[in-house]
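Visitor: Work the whole structure out from these sequences, hints included.
Protein chains in written order, with this note's numbering: chain A, 8 to 379; chain B, 8 to 379; chain C, 8 to 379; chain D, 8 to 379.
Be aware that a few hints might be false.
Identical chains blur together in the list; that is why a pair holds if it fits in one copy or across any two.
Said to hold, decoys possible - Distance condition first, Cα-Cα at most 25 Å in a straight line; then the derived SDA-like pairs of lysine to any residue:
hint: 1; residue 1: K275; residue 2: V297
hint: 2; residue 1: K119; residue 2: E155
hint: 3; residue 1: K119; residue 2: L96
hint: 4; residue 1: K312; residue 2: G62
hint: 5; residue 1: K119; residue 2: L177
hint: 6; residue 1: K119; residue 2: D173
hint: 7; residue 1: K312; residue 2: G18
hint: 8; residue 1: K64; residue 2: N114
hint: 9; residue 1: K233; residue 2: I378
hint: 10; residue 1: K148; residue 2: T374
hint: 11; residue 1: K119; residue 2: I221
hint: 12; residue 1: K119; residue 2: H205
For the record, the hints were derived by calculation from the structure and aren't laboratory data. Nothing here was measured: the structure is a model prediction, and the numbers come from that model.
Number of protein chains: 4
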Amino acid sequence: MTLRIGLIGSGYMGRAHAIAFATASAVFDLPDSVELDLLADANAALAATAARSLGFKRSTGDWRDLIDDPAIDIVDITTPNLMHEEMALAAIEAGKHVYCEKPLAPNAAVAKRMTEAAEKAGVKTMVGFNYLKNPVTALAKEIIDSGEIGDVFSFRGAHAEDYMLDANTLVSPWRLDPRSGDGVVADLGSHAVSLARHVIGPIVSVAADCRTIIDERPTTQGTTMKIEVTDEVDALVRFASGARGTIGASWLAAGRKMALGFEVRGTKGSLVVDFERLNELRLYTTDQTVGREGYKLLLAGPAHKDYVDFCPAPGHQLGFNDLKAIEIKDLVEGVVSGENSPAPDFREAYEVQRVIDAMIESSRRDTWTDIA
Amino acid sequence: MTLRIGLIGSGYMGRAHAIAFATASAVFDLPDSVELDLLADANAALAATAARSLGFKRSTGDWRDLIDDPAIDIVDITTPNLMHEEMALAAIEAGKHVYCEKPLAPNAAVAKRMTEAAEKAGVKTMVGFNYLKNPVTALAKEIIDSGEIGDVFSFRGAHAEDYMLDANTLVSPWRLDPRSGDGVVADLGSHAVSLARHVIGPIVSVAADCRTIIDERPTTQGTTMKIEVTDEVDALVRFASGARGTIGASWLAAGRKMALGFEVRGTKGSLVVDFERLNELRLYTTDQTVGREGYKLLLAGPAHKDYVDFCPAPGHQLGFNDLKAIEIKDLVEGVVSGENSPAPDFREAYEVQRVIDAMIESSRRDTWTDIA
Amino acid sequence: MTLRIGLIGSGYMGRAHAIAFATASAVFDLPDSVELDLLADANAALAATAARSLGFKRSTGDWRDLIDDPAIDIVDITTPNLMHEEMALAAIEAGKHVYCEKPLAPNAAVAKRMTEAAEKAGVKTMVGFNYLKNPVTALAKEIIDSGEIGDVFSFRGAHAEDYMLDANTLVSPWRLDPRSGDGVVADLGSHAVSLARHVIGPIVSVAADCRTIIDERPTTQGTTMKIEVTDEVDALVRFASGARGTIGASWLAAGRKMALGFEVRGTKGSLVVDFERLNELRLYTTDQTVGREGYKLLLAGPAHKDYVDFCPAPGHQLGFNDLKAIEIKDLVEGVVSGENSPAPDFREAYEVQRVIDAMIESSRRDTWTDIA
Amino acid sequence: MTLRIGLIGSGYMGRAHAIAFATASAVFDLPDSVELDLLADANAALAATAARSLGFKRSTGDWRDLIDDPAIDIVDITTPNLMHEEMALAAIEAGKHVYCEKPLAPNAAVAKRMTEAAEKAGVKTMVGFNYLKNPVTALAKEIIDSGEIGDVFSFRGAHAEDYMLDANTLVSPWRLDPRSGDGVVADLGSHAVSLARHVIGPIVSVAADCRTIIDERPTTQGTTMKIEVTDEVDALVRFASGARGTIGASWLAAGRKMALGFEVRGTKGSLVVDFERLNELRLYTTDQTVGREGYKLLLAGPAHKDYVDFCPAPGHQLGFNDLKAIEIKDLVEGVVSGENSPAPDFREAYEVQRVIDAMIESSRRDTWTDIA
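Guide: Written as structure tokens, this is what we have:
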């Protein structure tokens, strides 16, 4: 069978999805084939150009055409956050599976509506937290779950980049509109939170400190925009498991280009990852011989989940787009199987959003805030 | 227009090529599209299975069918070295372009025959030295060629892995047959030599020391095989430019999984790469402020050749397969343009092989050996 | 002139001080020479042995002998925290200068009494926060103060080791007695706080989360001890300058042996240190050429404060004891000059302690807590 | 008893020795105490100043005074290479023990004369190859000797710095005089060779390539000097054990400040050190669990030779001067014990020099050269 994909949006992430569909088809033995069928963008001309470039058969300037088209099996949403809800709800209503970029929604209330609609309609959903798909993430989770590092008592995660550091770069007003979500908390913080939940479990309480550092920026429209969204956040977190720690995010961290990482400490060891080195995990265990103790640098290889489909040789390295290809594989397998949604689905993204919202509220009130 | 690809071989590299054709088509705006048309393997059943898995439309158990098929534009050879010559010469004679995995041939004499045949026939050729395609390699070359590190006087390169370290692993007799080339000198040494030539230029003299460390191995056929090919080599090298240095290769280097790298020293700076971290280059220049001098760690990003087509964000990292996709892009552009072959072509691979042959001869005679 | 030293305590730190006095005398051109004169320990026999081993001329089993001895100029206290107050107040009353190991006191109230007594008596004081003496710390401070990384808006610091991770190691009851200070917050947290204050400035508010992970330990006396002090802490911090960030400490961080470090972010760059690599600082500035941006790895060298006295060649590295020797140099210079106490003095240690106390209170009450 | 030290020379190394004598006395429980007694330098005034600064009791402008002085037990020579022979032979003749900086002599013939004189006279000797004293070196040797990495078949070592890279720096004519030894081969190459011999064993054959890159330099005397000594060398080496590999040295390696290191490969593992990180060793063994294989980063700690005397806590790091202090400890123990010289003695330094000489000859003749 063939799954027909309808893509809305052809920017950074739209393009990344198109590449990933192609790569996933070549790398994995997918249960169904996928066809890049219909691409929607802001207008017909833009969509037509993008469709040619990204390998879609058809294009449209109206995303509703894609919802209405019975040929489309999966609606793939890569537009700005603010538009996710309307598009996803329409797709769900039309009975289509929905694959949506992160963050799912500007806040938990919206994410909840989207989640409940999807669950009620019985369609499959997936959200693009691609770093969960890194074989190194799977390795970290396996090490934790197997007890190799004992009882885990703390987690320290962060996502830092520097793409908003230049105060003179022109910005699109929508991009920093608080209605889209709270700046870096939503954009990068959601990655860190999703990883924290994935490897440690639910977060039950947070105390966060959100800051706006650059409070005015010039816009692409020649005006000046007052900035109210968060540029940098640090939060204390408490997990349901009893583990504690911190989560941070910054888009002003000079020199950090892809610094999403975490350190997990247990009673018998610890592990550290930093996805600026996407294929590496450092592992320390307390069972080592005296005088020979040290952190071990593991390189991703065929012994780790999903790696071998890309390459049989260890240390040869996957790239950013390869994580997206694994995500596509999981999407297709999830859609084809009779069971649950692929992970992470809308509900998981809603849970992530609840943590994000709690961080924002905690910071506003300068208190610890529980996630009920 | 569409270029039709005929692939011979569906192992590690055959599969990597198939993935790369798919990814390259999605990532780059190729001048012609490519079609994975006909796949040949050792027998019809094997070929049929592989064709399905790798996305080829047709299959055959006889590679000559592929040569004879007028629909095929490019013959892509990923079989063991020993078979390259016969296949390539047949393809050349049939007027097809040839894309062949490295090393091109077991020795320079064979590589020369292949090169001259291709040049006489006027077909385009390319050889799969994929590490030349790394944006980091292009960056290294740009830094050297621009004079940023002054006059380059030395180069130290090596390729070390450990996949042959286990003396008890069963090996296929053909694999370690000296007629296929001299073990690691051919297999990994050729990568190091091709990089050395690419960033520094021609090598004119070598003094090499080749060793066989594990001199007996059990075969997949239940026998024991005496090993005569090289397990590890170190060589002193002299370049036409006057630069000097070393080139090494080992497939017994415990812990090294993809340790292909080099260090280049100039009168105004130096640079270091190690492709176990495929996206990094360390650069030191002598023009730094006192007290603020240091090696700078550059992460591949959109400012570097070919990166931006994969991702607009720096530090997000390409993987091994992405280098192969760049190679495919260069192949297609080279084939489509009226001009020269894409680089590196058969002639370049022949030049690499001459250095390899000189290393082997130098080691046999324990002397410096010139490349005439 | 000669400064006569009276040392109380001959354990880990007593010994480190003795080594440092010797090294400092050889490395630096001290304004006065120092003489290791009288050593006091728990009893006369122990003291006599230690004096011989550490190079002291005389010894005593009663530390009060040392206070009463008019020959002694500087009283050097390296006993457990709980004993600092009594000894320091006696020394101050006797008009002696006091050099005391960190943390100065179990809490800020005690530290305040000690500080005020010293200031009233007009004696010089110094506290052994040796990491402030690292040339790399001076370099970090110089980079920050010069504006090289712009306006600093965040700091993330921590000190993690793993020496308390083994739950079966026998502990001395006094060591984990809450009256000595709150476990790792006092022991390692004080290092992180002192560095934060040194490079960024006063901290005005904290929200901390202190945890006891291993809540029972066997004692050297054959009993089991319930543990109530902190094993691990994470805190949000706000500086008077407006900068914000985090400070953490753990003595259960498997694999971390000397992981005291910090990251400072500014509007024009950032810097990172980790004293498990005592001689390195990573610096990123935004003024770099496109395509050549990267973190620079600076190695301590003669261009940096105090390094050249140890070695004229860069990159040759100072060790832990060398930091202590720089501390001694600053102590002697501070005592000899007519002006202020050497830094950090009791008052600075008191300010550090106030932050520590605020962390503990914040954690107890689960709120932000101001340092008035 | 007390050993009285007579030091000749008070430059970089003279000063390092004085510091090391002080630190060693404080750190180690030496069998005899040492007294910095008499310092000789080029003239009386210089010597007097240096003696005060370095803590010597007496001084002289004529080194022969020191030889003639019956109070002196150990003559410590830190003058330029060219002067070692005369001074050492005089000291030996006077029945004194001799501690001499490396390289011992400008060539093996001289080193042999010095060695034979010392052995005939029955005095103890030691040469300052301080990196042999690094606890990390002892760890590497222990790992190799214990068989933990199996049969060692290759070694790759080098010492690279960049202190001669600036072609405009004024140089002292004697420094680059070929009669002092062949430039970097002698200066840094000797460190790499001594380490190679220490951890692997005797070298029996070499093929070297020595280059002069900067062939003219301005002198401190206002003239221009033609440079004929080696700036950079690479050599193939063969050990008596059957192991092979490379040794290199450069003083033009931009960015390298203390890059003395080596990689050792065996049939069951490998290890890597780089003394720009003096306290680290990376170890890989083949006995690791599948999916958990990786290089382990060992930090020097109390489990390793000589470390604990400096500090009981692991990862706290020794510095360059600490290695010299260990050397002094070995010197004193060697001199006091009735047995052999401390290692490395003159004979060992002579063996190192034979390898250096063979490299130079090999390069001159462009052939492999045996060490008979």
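Visitor: I'd like to know which numbered hints this structure contradicts. Please list them from smallest to largest.
Guide: Going through the list in order, the structure violates hints 2, 5, 6, 8, 9, 10, 11 and respects the others.
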